[in-house]
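A.B. asks: Chain by chain, the residues run as shown.
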Amino acid sequence: MDFLTLVQVLDSTVRLATPLLLACLAGLFSERAGIFDIGLEGKMLMAAFFSAAVAAITGNVWFGLLAGIGSSLALSGLHGAASITFRGNQLISGVAINFLASGLTVLIAQSWFQQGGRTPSLLSGGRFEPIELPFAIGPTEAAETGRRLSDLLSEANVLQQVYSELISGHSIIVYLAGLCVFLTWWVLFRTRFGLRLRAVGENPAAVDTAGISVIRLRFAAIAICGVLCGIAGAYLATGLQAGFVKEMTSGRGYIALAALIFAKWRPVAALWACLLFGLLQAIALRFQNIDLGGFVVPVQFMEALPYILTVVILAGFVGKAIPPKAGGQPYVKER
Amino acid sequence: MTAPAIQLKGISKAFGPVQANKDISISVAPGSIHGIIGENGAGKSTLMSILYGFYKADKGEIWIKGNRTEIPDSQAAIAAGIGMVFQHFKLVENFTVLENIVLGAEDSGMLMPSLSRARKELKALEEEYELYVDPDARIDEIGVGMQQRVEILKALYRKAEILILDEPTGVLTPAEADQLFRILDRLRSEGKTILLITHKMREIMEYTDTVSVMRRGEMTATVKTAETSPEELAELMVGRKVLLQVDKVPAKPGKPILEIQNLSVTDSMGVERVKGIDLQVRAGEILGIAGVAGNGQSELLEVLGGMRADRGRISGSVKLHGSELPMTGAGSDARARRDAHIGHVPEDRQAEGLIMDFHAWENVAFGYHRDPAYNAGLLMDNAALRADTERKMEKFDVRPPLPWLAAKNFSGGNQQKIVVAREIERNPDLLLIGQPTRGVDIGAIEFIHQQIVELRDAGKAILLVSVELEEILSLSDRVAVMFDGKIMGERAADQTDEKELGLMMAGVAGEAA
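As given, the protein sequences belong to chains P and Y, one line each in that order.
For the record, in the first sequence the residue sitting at position 151 is 151 according to the UniProt record's numbering, with numbers rising by one throughout.
For the record, in the second sequence the residue sitting at position 475 is 475 according to the UniProt record's numbering, with numbers rising by one throughout.
Since the hints were derived computationally from the structure, they do not count as laboratory data.
Some clues are possibly wrong.
[To be verified] DSSO-like mimics (lysine-lysine), calculated; alpha carbons at most 27 Å apart, straight line: (1) Y:Lys56 / Y:Lys9; (2) Y:Lys241 / Y:Lys90; (3) Y:Lys275 / Y:Lys395; (4) Y:Lys56 / P:Lys333; (5) Y:Lys275 / P:Lys333; (6) Y:Lys90 / Y:Lys248; (7) Y:Lys22 / Y:Lys159; (8) Y:Lys248 / Y:Lys395; (9) Y:Lys9 / Y:Lys22; (10) Y:Lys275 / Y:Lys319; (11) P:Lys320 / Y:Lys90; (12) Y:Lys90 / P:Lys333; (13) P:Lys333 / Y:Lys499; (14) Y:Lys123 / Y:Lys159; (15) Y:Lys65 / Y:Lys22; (16) P:Lys333 / Y:Lys123; (17) Y:Lys56 / Y:Lys159; (18) Y:Lys486 / P:Lys333; (19) Y:Lys255 / P:Lys333; (20) Y:Lys90 / P:Lys325; (21) Y:Lys486 / Y:Lys255; (22) Y:Lys56 / Y:Lys123; (23) Y:Lys408 / Y:Lys275; (24) Y:Lys224 / Y:Lys241; (25) Y:Lys275 / Y:Lys9; (26) Y:Lys90 / P:Lys264; (27) Y:Lys123 / Y:Lys90; (28) Y:Lys486 / Y:Lys275; (29) P:Lys325 / P:Lys264.
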């Protein structure tokens, strides 16, 4: 494997890790506030559909993004009403959201577009285009010189390869996701809101007796969760791919949850965990059949790898992860 | 004359049909310690929750420093200068002391300036009130006494002038409790007003200036502490004369029933909870095990009661009537223990003694449900079981005496009577009894103590575990103190006192003392 191939695999790792990372941070906000959110998957799926649908209709990806965020927020509100206001079971509410999203997206897609439950393929303008950073070798340069991009890249030096392939050429959401890691850390550990958010996930009674509304804090947390899930879903349908297809999240919400546990609910660790999952997906995409000295690892196994890792992590094989103490429990004032 | 720090006028509060507070009026002078004493369910906590904005009173007025004040939520209570130290601390365990103090009282959206100002402020408060804590220690790394200081500092940081403490000494060693009262004394001399809610007579008599007594939601009296006596207060609390001392003749111990040699218990996390202890309980005596909660007493009781057979590692020898009692494997479970005539009243009656949603008569059968008297062929003989329950309820004065009432609908004291009746009425050779009167009202305490003493006088052996020193001292014939999984020493109950036992409970070696 030459260096350029490695860089290309890492490049695709970053792209694939982006929706995971956004969903993972979404879950982090929610769970740090004591609300388990198994509905990340459903929120992403809903956002993926509505962003693609609105982008297809309006031809503007930004309207798509807004629609995606809006639809995800609506599901967050549902989760909040069920599990915060009415103190229902958070897992059941989350599962219900996943089912709702799974059915509703296809139903509406069929009714609006009649393409078998998908949206039309998005044209440029309806998608998040790659951003070419200055001095990077990209399609612009290829067009100017009239040569193929891959030739240009393989002739360039190592530094230029890394810069052009790995750093440059992603859509704005990828860079935004990276920024979100730092932002999340900063909000959580450097602001008043973060202190209260972490406290409400550990001991809501402490927050309540300090004169702060537990309910408002938790709704704020799941609203942030909704926004991030919305961006993640929109990126799936309008960045990573060009349109919505049925069940296109394919378990990414659950993988994000696994990454969250793996990262022990810490933002920077979440970045690494998501990159690991992204890498596995990228390898599976790039090397369909790996030949290990006569034994060919089937592509199905490679594609299953992220999910196998998810199960392993959720089963608790990777160290001891202590979740926020009040997670999963509705807050009831005690006498 | 200065206005009272707190004045409550005609406070009433009902939860459904239950009148928790009925037309309560008190007036507390600034710079004093005012005690509120009453049985469980007398409405003390409800009253304090109203004062701290957790509940809204149905009727009545709150006046703070001469001004009528509405307290719709905790924020308003804090603004009115009221601070509350709850019985169960409201601290975030994985936060530092400083973060806990700042939480909810931050200066601005950014955390760092708030924290550094709080650090300075804390320093000043520490010096003013001699309340020393390490601001950077995590709550789960410091002891309960220290955690309580953090709660007090939290209130002071919010400029509280009135401090409410709800059963503050429940989790403290006697030495820690003394320290707490020194702090409260200091706060009083700085002009703070303190409301002390407790059921411990000693604390009321020694530390308060005035005391109010509550019974069944009503304030029955408010008196100057110097002008009353424990007997009078107890009578006001219960509504009849109460025996504060357990009435018993000297024990006539017989042959050893239970002999424990070098018993060690390691829990499933690998922590050694009981570290090679030796104990003996003889027929016709009560051996009391004193200690602050969490020093291995619970594990000892559970092992003897057959509740830990499949958890952790157990070694050492336990003999009953001189023959080996298996600690692991076959014959070490709770069923085998009951077959060996060991009765067990577990420490936590709601989690281990009863199933709260089940009827009283079903709860009376638990552990003894294989008894032929309760069975008719394949089916249970529910009629016999109910009749037996009625008999036990009558004998143990369980109120209301209704076998089909769910366990959760009885008061704490009556729940405990059901458990105690179930175990004692089997006439066990050895009774293991943990925290027999935790959360039980004075009237029921008196009754349960009498039953235990009667069982002793019938020549049975009793192993009593309690965190209430007063109870240990008045009930036991011999006292052993556990600290950090070890027995610190043994004393005859009539040849020791709270002070000596308190030192041993804090880990100061007993034998030398």
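A.B. asks: Hints first: check each against the structure and report whether it holds.
C.D. replies: Each hint tested on the structure:
For the proposed pair Lys56 of chain Y and Lys9 of chain Y, the alpha carbon gap of about 14 Å is at most 27 Å, so the pair holds. At roughly 37 Å between alpha-carbon atoms, Lys241 of chain Y and Lys90 of chain Y are farther apart than 27 Å, so this suggested pair is violated. Restraint check for Lys275 of chain Y and Lys395 of chain Y: not satisfied, since their Cα atoms lie roughly 40 Å apart, outside the 27 Å limit. For a cut-off of 27 Å, the pair hint linking Lys56 of chain Y to Lys333 of chain P stands: about 13 Å separates their Cα positions.
At roughly 40 Å between alpha-carbon atoms, Lys275 of chain Y and Lys333 of chain P are farther apart than 27 Å, so this suggested pair is violated. For the hint linking Lys90 of chain Y to Lys248 of chain Y, the alpha-carbon distance of about 41 Å lies beyond 27 Å, and the restraint is violated. Between Lys22 of chain Y and Lys159 of chain Y the alpha-carbon distance is near 31 Å, which puts this suggested pair outside the 27 Å criterion. With a C-alpha separation of about 20 Å, the suggested pairing of Lys248 of chain Y with Lys395 of chain Y holds against the 27 Å cut-off.
Note on Lys9 of chain Y and Lys22 of chain Y: the hinted pairing holds, with a Cα-Cα distance of about 11 Å set against a maximum of 27 Å. At roughly 18 Å between alpha-carbon atoms, Lys275 of chain Y and Lys319 of chain Y fall within 27 Å of each other, so this suggested pair holds. About 26 Å separates the Cα atoms of Lys320 of chain P and Lys90 of chain Y, which keeps this hinted pair within 27 Å; it holds. Proposed proximity of Lys90 of chain Y and Lys333 of chain P is supported: the alpha carbons are some 12 Å apart, at most 27 Å.
Of the supplied pair hints, the one linking Lys333 of chain P and Lys499 of chain Y is violated, its CA atoms being roughly 38 Å apart against a limit of 27 Å. Distance restraint check for Lys123 of chain Y and Lys159 of chain Y: the Cα-Cα separation of roughly 15 Å lies within the 27 Å cut-off, and the hinted pair is therefore satisfied. A C-alpha spacing of about 23 Å is found between Lys65 of chain Y and Lys22 of chain Y, which places the hinted pair at or below 27 Å, so the restraint holds. Between Lys333 of chain P and Lys123 of chain Y, the direct Cα distance comes to roughly 33 Å. Violation of the 27 Å bound is thereby established for this hinted pair.
Taking the CA atoms of Lys56 of chain Y and Lys159 of chain Y, the gap is near 23 Å; set against the 27 Å cutoff, the hint holds. Annotation: proposed proximity of Lys486 of chain Y to Lys333 of chain P is violated, straight-line Cα distance about 39 Å (limit 27 Å). Restraint check for Lys255 of chain Y and Lys333 of chain P: the C-alpha separation of about 52 Å exceeds 27 Å, so the hint is violated. Pair hint Lys90 of chain Y plus Lys325 of chain P holds up; C-alpha atoms about 13 Å apart against a cutoff of 27 Å.
At roughly 25 Å between alpha-carbon atoms, Lys486 of chain Y and Lys255 of chain Y fall within 27 Å of each other, so this suggested pair holds. The suggested pairing of Lys56 of chain Y with Lys123 of chain Y is violated, with an alpha-carbon distance near 36 Å, which exceeds 27 Å. For the given pair, Lys408 of chain Y sits about 37 Å from Lys275 of chain Y by alpha-carbon distance, which is inconsistent with the 27 Å threshold. Annotation: proposed proximity of Lys224 of chain Y to Lys241 of chain Y holds, straight-line Cα distance about 20 Å (limit 27 Å).
Our distance criterion of 27 Å between C-alpha atoms is broken by Lys275 of chain Y and Lys9 of chain Y, whose separation comes to about 55 Å. For the proposed pair Lys90 of chain Y and Lys264 of chain P, the alpha carbon gap of about 24 Å is at most 27 Å, so the pair holds. Between Lys123 of chain Y and Lys90 of chain Y, the direct Cα distance comes to roughly 22 Å. Compliance with the 27 Å bound is thereby established for this hinted pair. Taking the CA atoms of Lys486 of chain Y and Lys275 of chain Y, the gap is near 5 Å; set against the 27 Å cutoff, the hint holds.
Pair hint Lys325 of chain P plus Lys264 of chain P holds up; C-alpha atoms about 13 Å apart against a cutoff of 27 Å.
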